[in-house]
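Could you put the whole structure together from the sequences, leaning on the hints where they help?
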Amino acid sequence: MCGKVVESKQGFAGVTCAVLRDFSVLEQPVETKEAASPLEDVLSRNNLLLVVLATLASTVLVVFAPAFTRGHFPACNDPRCMNLSADLRLMMREDVRPCDDFFAFVCGNYEVAYGSVPSYADAVGKRVGRSFREMVRELVVDFSDKVEDIPLVAYRKCMDEFHRKEDDLGPIREFDRLLTATLNNTPDGSYLFKNVYFLVALSLKFGTPVFLRAGVVLNTFTQRENALQLNAEKARKPLPRVTLHKIILQRWGFQHWRDYLRHSDVILEVMTGAAGALGEVHLNDSAPQAIVADDIDQFLPTMKPHEFLGVIRAVSSESFGYGSIVFTTNALALRKLAGFLKSTHPVRLGYSARFLACEALLMASMFSFGEIYDIPKPAVAFRHRLLRCTDLSLELLSPLTAYQFIQKWLGQNSSAVSERMITTLLEQLPQVKPYALMEEASRANLSTRLARTTIFRGLYPGYSSAKDVQSRFARLKFPKGSFVTWATQALKTKAELQVEALMTKGIPPVRADGLDLRLGVLYDASQDSLRVLPAQLLPPFGASLSPSAFSFGHLGTSVAEALAQATEPRGLSGHPAKLSFSWAYEDKYMEAVDCVRRQYLEEEQELLDVEMAASQLSSLIGLRVAYKAWEAWKEQGTSAERHRSLPHVHSDEQEFFVGFCLRHCGVATGSRENASGSAAAVLSRPARCNMPLRLSPEFAQAFKCAASDPMTAHGEQCA
1 MCGKVVESKQ GFAGVTCAVL RDFSVLEQPV ETKEAASPLE DVLSRNNLLL VVLATLASTV
61 LVVFAPAFTR GHFPACNDPR CMNLSADLRL MMREDVRPCD DFFAFVCGNY EVAYGSVPSY
121 ADAVGKRVGR SFREMVRELV VDFSDKVEDI PLVAYRKCMD EFHRKEDDLG PIREFDRLLT
181 ATLNNTPDGS YLFKNVYFLV ALSLKFGTPV FLRAGVVLNT FTQRENALQL NAEKARKPLP
241 RVTLHKIILQ RWGFQHWRDY LRHSDVILEV MTGAAGALGE VHLNDSAPQA IVADDIDQFL
301 PTMKPHEFLG VIRAVSSESF GYGSIVFTTN ALALRKLAGF LKSTHPVRLG YSARFLACEA
361 LLMASMFSFG EIYDIPKPAV AFRHRLLRCT DLSLELLSPL TAYQFIQKWL GQNSSAVSER
421 MITTLLEQLP QVKPYALMEE ASRANLSTRL ARTTIFRGLY PGYSSAKDVQ SRFARLKFPK
481 GSFVTWATQA LKTKAELQVE ALMTKGIPPV RADGLDLRLG VLYDASQDSL RVLPAQLLPP
541 FGASLSPSAF SFGHLGTSVA EALAQATEPR GLSGHPAKLS FSWAYEDKYM EAVDCVRRQY
601 LEEEQELLDV EMAASQLSSL IGLRVAYKAW EAWKEQGTSA ERHRSLPHVH SDEQEFFVGF
661 CLRHCGVATG SRENASGSAA AVLSRPARCN MPLRLSPEFA QAFKCAASDP MTAHGEQCA
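Take 1 as the starting number for the sequence shown in our numbering and just add one per residue.
Be aware that a few hints might be false.
As the list claims (entries may be wrong) - Computed cross-link-like contacts, EDC-like style, restricted to lysine to aspartate or glutamate with a CA-CA straight-line distance of at most 16 Å:
| no. | residue 1 | residue 2 |
| --- | --- | --- |
| 1 | K634 | D652 |
| 2 | K704 | D100 |
| 3 | K336 | D297 |
| 4 | K304 | D188 |
| 5 | K342 | E307 |
| 6 | K588 | E716 |
| 7 | K704 | D652 |
| 8 | K634 | E653 |
| 9 | K342 | D188 |
| 10 | K704 | D101 |
| 11 | K342 | D297 |
| 12 | K205 | D176 |
| 13 | K304 | D294 |
| 14 | K704 | E653 |
| 15 | K342 | E269 |
| 16 | K237 | D265 |
| 17 | K237 | E269 |
| 18 | K336 | E233 |
No lab work stands behind these hints, which were simulated from the structure alone.
Right, here's the structure in full:
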């Protein structure tokens, strides 16, 4: 029962195996297994362990919620501190009984507190961005300035301070040195050969496409060989000559106006020629084409196959032969580009490409800097005025995000506690060159701000192999190899299914690396590797001492719901099924779906369609699986009492269900109806919170609901 691709309405996507007790059963005929109910399938030990694992993740909500739940920061009243307890006090309605309407109990005042924002998750996202911008802004700005002047004042202060102590564009110059070495090492050949060599090297070695983008991906048709993706890049119009002069002056330091003129003439000539050849590249984006390398002259006229393969072999570590696949989405543009490259002197192209690559790096860093400061786009356009802050944005912004210091923290002893993260970041900052060059007041300002910051983004690339994952999670005592085996098998199956779907539409697998479980586990099809985001590896604050019921209710239910989606038999979600289910299993599953429809009709006087009922069944199963997973995790912890800071909550069990319903807090819009009068694909937020809870006996027990209460199911439990 493995390989179902499902995309839930909340945006979680996953491929799971409904039976994970023994991976050897994946090779056996489905009909030989006993039919099991959906709940029995996903309650297997391996599934519960997987939910425990994923619930230890650290997304934006799960990082801060357990921290405040356990009162680690009781004095924090600043909204930027993401005080969950304060948020819930604003949203919850004490006058509503949980057993009457749990959504109204948890989220009843949401529209009063956050009426302009569709959901609580959106509100948190806005706060995180604002908090991060404020943190960096305080690095260089005193708030005595007018608010509207802060961005430009920040840049001026940054430039002045940095310019006084450092007069070199380190990263830019080093990058240009590497590009120059690549250009000088280009083998002899025709203009076309040398130019293609240099441009492919830029793209494959440095990830900086100029006129040409090249990428190596797994050939998902054969599962053994690699394929090359080759696309032309749309060329920008030439820069104004005065801008060129100022950038050249800052970057290379030529001493005479004739040097400015000569070099700017070369750049203008190359950019003008490329713009003429590639100005309409976007018109060809919808024309994918795949060929074998032997026929490369279909894309690059007059280029011989052995020359092209020589280029790829020289700049790529992957193996390519004459039978390798080359594909593109803009074949016509490549032919135009080849004509331009054939007539352009390699030295002139190389010089211009170096300039454009460095300018692209420069602009990327400046736009990042500008975004954080909320600088209007016209201000960012003054490149020559911002050069002195480029190193700051390239080197300093990276450690200010979660990625760099979380990676360092993860390399420490696993017994390290979460509070060490901020301290570790501050210890690493002196190694960053711009930090060492700052004024003392600015360094103190930054350190103070960081010490107050409790939220960091969590979605960054992480560990790159199954071995890394396995070693990191060895302490969780999984059955030997079970998590890695399951995840690798499931995600490979998902990759195969996506390719099959593309093939049925006649589309080649140009990019097959957008495969993810959304909750911190990624599968990179181009490298055929499993990655776990660093955030996925962060346990909740104090989890080893006191497991958080809120985390399991909030994140764990999302994970388990994604697992439960895999129990859907063929075609309910419109995706192809890799393996068939037995008829007995499908009957049991549809009985559960019909049960959900009957319950909804009884409570809401509205008939759910099959797809929506299946989604609600998955939510119910996910709720019960996450609850079981939390119980299993709690048994590994201690029974020590802890301070409970969530309002109107009196037990771990109640905290779990508040965490679940918080996923759905937002503007309580009603469900839409289709022409037949049945509920459409989107249920109201109250229904998404209340319906699974109404069918959960654990919820009724946690809040001591009577049999006559609205939040107690009056019929069968369905799962």
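Verification of the supplied hints:
no., hint, result
1, K634 / D652, "holds (10 Å)"
2, K704 / D100, "holds (12 Å)"
3, K336 / D297, "holds (12 Å)"
4, K304 / D188, "holds (14 Å)"
5, K342 / E307, "holds (14 Å)"
6, K588 / E716, "holds (14 Å)"
7, K704 / D652, "holds (14 Å)"
8, K634 / E653, "holds (11 Å)"
9, K342 / D188, "holds (14 Å)"
10, K704 / D101, "holds (14 Å)"
11, K342 / D297, "holds (13 Å)"
12, K205 / D176, "holds (13 Å)"
13, K304 / D294, "holds (8 Å)"
14, K704 / E653, "holds (11 Å)"
15, K342 / E269, "holds (15 Å)"
16, K237 / D265, "holds (14 Å)"
17, K237 / E269, "holds (11 Å)"
18, K336 / E233, "holds (11 Å)"
Taken one by one, the earlier hints all hold for this structure without exception.
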